[in-house]
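**Student:** Residue strings, one per chain:
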Amino acid sequence: MKEKLVLIGNGMAGMRTLEELLKLAPEKYDITVFGEEPYGNYNRIMLSPVLAGEKTINEIMINDLQWYQDNNVTLHSGKKVTQIDRVKRQVIADDGTVESYDRLLLATGSRPFMLPVPGADLPGVISFRDIKDVDTMLESSKTHKKAVVIGGGLLGLEAANGLMLQGMDVTVVHISETLMNQQLDSVASDLMLEELKGKGLNFLMSHATESISGDNRVEKVHFKDGSAIEADLVVMAVGIRPNIELAQSAGIHCERGIVVDDTMQTFDPTIYAVGECVQHRSQTFGLVAPLFEQAKVCANHLAKMGIARYISTVTSTKLKVTGIDLFSAGDFNGDDDTEDLVFKDAARHVYKKLVIKNDRLIGVVLYGDTVDGTWYFQLMKDGTDVSDIRENMLFGQHHIGDSGHGAANSTDNLPDDAEICGCNGVCKGDITKAISQHNLYTLDEVKAHTKASASCGSCAGLVEQILASTLGSDFNDTPSKKAMCGCTDMSHDEVKTAIKEQEIKTIPQLIEALEWKNPDGCHSCRPALNYYMLSSWPKEYADDPQSRFINERVHANIQKDGTYSVVPRIWGGVTNPRELRAIADISEKYAVPTVKITGGQRIDLLGVKKDDLPKMWADLSDAGFVSGHAYGKSLRTVKTCVGSEWCRFGTQDSTGLGIKVEKMTWGSWTPHKFKIAVSGCPRNCAEATIKDIGVVCVDSGYELHVGGNGGIKVRATDFLCKVATEEEAMEYIAAYMQLYREEGHYLERTAPWIERVGLKHVQALVVEDETNRKRLAQRFYESQENAQTDPWAEHAAKYKENYIPIKQVS
Amino acid sequence: MSWTEVGPLADIPNKGSRVLVTKDGDVAVFRTAGDEVFALYDRCPHKAGPLSQGIVYDKRVACPLHNWVIDMESGEATGPDEGCTRTFETKIENGVVYISL
Chain P
2 MKEKLVLIGN GMAGMRTLEE LLKLAPEKYD ITVFGEEPYG NYNRIMLSPV LAGEKTINEI
62 MINDLQWYQD NNVTLHSGKK VTQIDRVKRQ VIADDGTVES YDRLLLATGS RPFMLPVPGA
122 DLPGVISFRD IKDVDTMLES SKTHKKAVVI GGGLLGLEAA NGLMLQGMDV TVVHISETLM
182 NQQLDSVASD LMLEELKGKG LNFLMSHATE SISGDNRVEK VHFKDGSAIE ADLVVMAVGI
242 RPNIELAQSA GIHCERGIVV DDTMQTFDPT IYAVGECVQH RSQTFGLVAP LFEQAKVCAN
302 HLAKMGIARY ISTVTSTKLK VTGIDLFSAG DFNGDDDTED LVFKDAARHV YKKLVIKNDR
362 LIGVVLYGDT VDGTWYFQLM KDGTDVSDIR ENMLFGQHHI GDSGHGAANS TDNLPDDAEI
422 CGCNGVCKGD ITKAISQHNL YTLDEVKAHT KASASCGSCA GLVEQILAST LGSDFNDTPS
482 KKAMCGCTDM SHDEVKTAIK EQEIKTIPQL IEALEWKNPD GCHSCRPALN YYMLSSWPKE
542 YADDPQSRFI NERVHANIQK DGTYSVVPRI WGGVTNPREL RAIADISEKY AVPTVKITGG
602 QRIDLLGVKK DDLPKMWADL SDAGFVSGHA YGKSLRTVKT CVGSEWCRFG TQDSTGLGIK
662 VEKMTWGSWT PHKFKIAVSG CPRNCAEATI KDIGVVCVDS GYELHVGGNG GIKVRATDFL
722 CKVATEEEAM EYIAAYMQLY REEGHYLERT APWIERVGLK HVQALVVEDE TNRKRLAQRF
782 YESQENAQTD PWAEHAAKYK ENYIPIKQVS
Chain L
15 MSWTEVGPLA DIPNKGSRVL VTKDGDVAVF RTAGDEVFAL YDRCPHKAGP LSQGIVYDKR
75 VACPLHNWVI DMESGEATGP DEGCTRTFET KIENGVVYIS L
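Chains P and L, in that order, are what the protein sequence lines are.
Following our numbering, the numbering of the first sequence begins with 2 at its first residue and continues without gaps.
Following our numbering, the numbering of the second sequence begins with 15 at its first residue and continues without gaps.
For reference, chain L alone in the conformation it holds in the complex:
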């Protein structure tokens, strides 16, 4: 598995996210209240809303366009909504976030 450096954990707001621009599209890198990091392809399975802009709680993010709630671990929409977005493995080492693209 090859790891790409994203940046310092401190640069991602707690209960927030930052965007990582890649040649295959934007990736949303989230930081939870408990300082866990998750990464999702930055497109909601519903209408392609930018998940990076949503409200983060627990291990979930609510899409800013129509409030679909996406589970950040699985990338699946929760509740009765159905759909899935791609997830990426991440790790934190010495306060620096890495992603496997």
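Chain P on its own, in the form it takes in the complex:
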């Protein structure tokens, strides 16, 4: 017989937990839900658009009554649970309904806090919490004129905006001088105040409410300074309190909220709690993202998988009030030990403030232009040393030494047919439609449904903006930690650390030790794990070809029609007639449809059939060629110019150095592709300043430049250091490449890696610390000992059967 699970609270947190649970263990429980409101589960965040007349109640339903039937969930709607009998394991509702449970889940949410002033119980004084409140407001707006909203926080401003759009004359009363003082500093508040006044809202700042008066209905609000204002409707939006009455009456330990541990369990082991009613490590919650994470953790334990823990971290708010973009996170007011970077353009209504302490970003307020919110938040969480970028960081990520696709920084004024994602041709309207139709909350969900930002990712900031403005307020975009993939909650760094510390040396061993959710992993994590094993245990780990993307498995690049391209290595871009003749002959022999010169100074043979690959490689190998690794997360090319051997401006032998560097680094696996160039003088014909590492020769030696990228976002390199000799240049390159191999996340190019860890960090380990540099270089040389065998020769000789059909049947 199935166990019984009872959920009290038919809101977003509780229902999300059920949805997660049904995904993990659909048959485990007989489920019963009690909800006080007479509806299915609706999206409470969307009440503001309903009040503003932009949406209907039906449009904001997440789980309609049909859903409960389809999932065999019993719903008691419109019934309030009044008693929990923990001895008999029963809950009792106000109409006498009794349900027994094996596990109980409390998701009773929060209650609006009503100011305890005389007259607060008069008709016409309400809160802003549920569909009933919205109905009352909409009714009142038809028959009455004057509305007063007490509380200039997020909820209050949304209520005020909605009532104004319904035609009421609205005044917002706020106790302090700063609107939304939980999220904004006074400058941002002033800008917002000005804009909201312009839209037609009235404000009474620094006014404390003393009483509310009226005969049969509210008529006036009185303030402590003796003044008063007429009111036909008063909305109190001064805060929320966890709703813990029921839990308290059942003797479950509560403080401000129902106290839960990291598994969302209360002090009674059969009872769990999630959402706004809980208190976790002294913290209570009001935003939706933490609730969804709690739901995941709780579902995991209800399903008795027992592996998830809820960890709350610093949260950010990115919200949308009446057409105004806001983002804030961390300590944005600062103190005596902090420095502020401030940008203010009052005419454009843009304000940005970054608070820095000890070269680390600790707080952010953005008003009017929030596209970089996620980036700043990431810098905060990573504790990145920002001293190198502080000159430009206020202007946003686009201005940190790069340019390229993605110039727009606000989606507000874009029409629905504006293209947001250039790779996949996704317009703004497609995204907003998908968000409301499929109830999407996160960037990943939008990616999966619309493909927006799923390819190159340069529009992710814009997509997040659209998500925030479509969802409305209370949207929290940033998960507390970025999991590696759907198979785990661990981040790349945590997985890498575990591999080292627990000496995990195979993928199956890892999947067991770190409790992966899928027994085989997935197409996203397996290549990453294979790389981490390879880079952590270069001498012991046996490469797993089935965990590599097809290109690396067959040492060629798959093309759109399923044929492959073949790029032989041409050392430093220097070739000769004999090699060219061999390439010409081989191209003819295998009827290669297209022969193309690549950007990396090599020759690409396109349209080769898979069966022909080993034969072609055998011929190329006989002619002296090795694989160019044009398909790999590995060293690609070393691009050179002709240097001092021919060029009248050349200062050093850039071609010769390029060839030496390529001979040293070829065959090495890296987190992502790795490109090198050597230019013979500062005219920089080899374009060394957009490579992962570039050498620019000067008369007195060799300048080393790192972290460049010529792709989606052009990023010019940072100057690492200058060295005097070729030998030193080679050692620095080996050390730098090894550091990247050890620290980079899989599929993270050097450009984002350096932005994540900071140039200072790289300089400290590669330039300033000579011992460490030599150790890094040594580790690079050692791992290269096993790496520099030509995969083409090997596969042509040993693995031909991998390239041919198992059988032909007629």
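Keep in mind the hints are simulated off the structure, nothing from the lab.
Check each hint, because a few of them may be wrong.
Distance condition first, Cα-Cα at most 16 Å in a straight line; then the derived EDC-like pairs of lysine to aspartate or glutamate [stated by the list, open to error]:
{"#": "1", "chain 1": "P", "residue 1": "K808", "chain 2": "L", "residue 2": "D25"}
{"#": "2", "chain 1": "L", "residue 1": "K61", "chain 2": "P", "residue 2": "D562"}
{"#": "3", "chain 1": "P", "residue 1": "K799", "chain 2": "L", "residue 2": "D25"}
{"#": "4", "chain 1": "P", "residue 1": "K297", "chain 2": "P", "residue 2": "E21"}
{"#": "5", "chain 1": "P", "residue 1": "K80", "chain 2": "P", "residue 2": "E38"}
{"#": "6", "chain 1": "P", "residue 1": "K610", "chain 2": "L", "residue 2": "D40"}
{"#": "7", "chain 1": "P", "residue 1": "K452", "chain 2": "L", "residue 2": "D95"}
{"#": "8", "chain 1": "P", "residue 1": "K200", "chain 2": "P", "residue 2": "D170"}
{"#": "9", "chain 1": "P", "residue 1": "K808", "chain 2": "L", "residue 2": "D40"}
{"#": "10", "chain 1": "P", "residue 1": "K775", "chain 2": "P", "residue 2": "E728"}
{"#": "11", "chain 1": "P", "residue 1": "K358", "chain 2": "P", "residue 2": "D389"}
{"#": "12", "chain 1": "P", "residue 1": "K808", "chain 2": "L", "residue 2": "E19"}
Since the structure of chain P is provided, determine the placement of chain L on it from the hints.
**Tutor:** Frame of chain P; chain L shown alone:
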């Protein structure tokens, strides 16, 4: 039902696949971690990518062109993607794989 011999199970890599060439086009024959065998028409419903070249996990394969994930039992695309490719019945007898074309 008529069965066509494909070849020894051992000739298909674990968590991998081999191609069977037929007069109606290529068929991808997959072997899972648990040594189950599935066969799909070797064309992704999205842009006709060769599924035989994808990464195999559980009973799924990720298309090498754009990472659509196809369920090998049903031939259906998973997640929000929608599309279906043809499936073929297979069996293993004495370590030899057979397919019903």
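**Student:** Hint by hint, work out which the structure violates, then give me just those numbers in ascending order.
**Tutor:** Checked against the structure, no hint fails, so every one of them is satisfied.
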